[in-house]
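> Below are the chains, spelled out letter by letter.
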Amino acid sequence: AQSVAQPEDQVNVAEGNPLTVKCTYSVSGNPYLFWYVQYPNRGLQFLLKYITGDNLVKGSYGFEAEFNKSQTSFHLKKPSALVSDSALYFCAVTGAGSYQLTFGKGTKLSVIP
Amino acid sequence: DAGVIQSPRHEVTEMGQEVTLRCKPISGHDYLFWYRQTMMRGLELLIYFNNNVPIDDSGMPEDRFSAKMPNASFSTLKIQPSEPRDSAVYFCASSGRSYNSPLHFGNGTRLTVT
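Just so you know, the protein sequences line up as chains A and B, in that order. Quick note on this note's numbering: the first sequence kicks off at 1 and runs consecutively. Quick note on this note's numbering: the second sequence kicks off at 1001 and runs consecutively.
What the hints contain is simulated information worked out from the structure, not anything from laboratory work. Even glycine gets a Cβ: it sits at the ideal position worked out from N, Cα and C. Watch out, some of these pointers could steer you wrong.
Where chain A lies over chain B, by a calculated footprint (3+ residues, C-beta under 8 Å) [said to hold, decoys possible]:
| no. | segment |
| --- | --- |
| 1 | 1034–1048 |
| 2 | 1093–1105 |
Here are some, though not all, of the chain A residues that point toward chain B, as calculated from beta-carbon distances under 7 Å [claimed, not checked]:
| no. | residue |
| --- | --- |
| 3 | Lys22 |
| 4 | Tyr32 |
| 5 | Leu44 |
| 6 | Lys105 |
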């Protein structure tokens, strides 16, 4: 079975500081990894994905994520946080050949002005 | 493109009533997914369709839940009879045919069963 762990329920960061939202995963075979963001009363929005290739993936709104196979991690990062980045962030995984995406519990990011 | 459209946005009903949630996926998307979001369980995949055919409904919690996709532009999720523990936000999402195609979510239906 595949699974995702987001060890932090909440991350607080000051505006302008770098941010990291952590994610580890478990899946058979090669992983397809995704990050989504959810704003209040809205559906999830796709940020970025890792399928293969370069371990550093760049996505929307200045976000990037680093795939680490040995640590089975896919942490989300941004060099300089904005107040508007405050939202709920979900990491998700599926195995190659599967359409069943498994989501983590989510991490609430609060960027403090 | 209008994105994935769900209706209603909010539904309040009494225990025992039938509830029908509706979804219009993005045109041209081959896959449609129904998810349920709660504080306790997070996001759970209930069922997904490929080209209007249900592929995996193992996430449907009970026989009270049923989903249909009569054509490429419409799907329903029905709960009959509804129970208070069904209260949640229900999301519909659609995606293209590639395994790594991102999901496009609707804004959800917040269901409250009293």
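> Against chain A, does the segment 1034–1048 of chain B show at least 3 residues with beta-carbon separation below 8 Å?
Check passed, 4 qualifying residues.
> At least three residues with a C-beta closer than 8 Å to a C-beta of chain A: is that true for the segment 1093–1105 of chain B?
holds (count 8)
> Mind checking the CB of Leu44/A against every CB in chain B and telling me if the closest is under 7 Å?
holds, 5 Å
> May I ask you to test the interface hint for Lys22/A with respect to chain B, counting a Cβ-Cβ separation under 7 Å as satisfied?
violated, 16 Å
> Next item in the hint list is Tyr32/A. Is there a CB on chain B closer than 7 Å to its CB?
holds, 5 Å
> Should the interface hint for Lys105/A be scored as holding, given a Cβ-Cβ cut-off of 7 Å against chain B?
holds, 5 Å
Hint 3 from the earlier list is the only one contradicted by this structure; the remaining hints agree with it.
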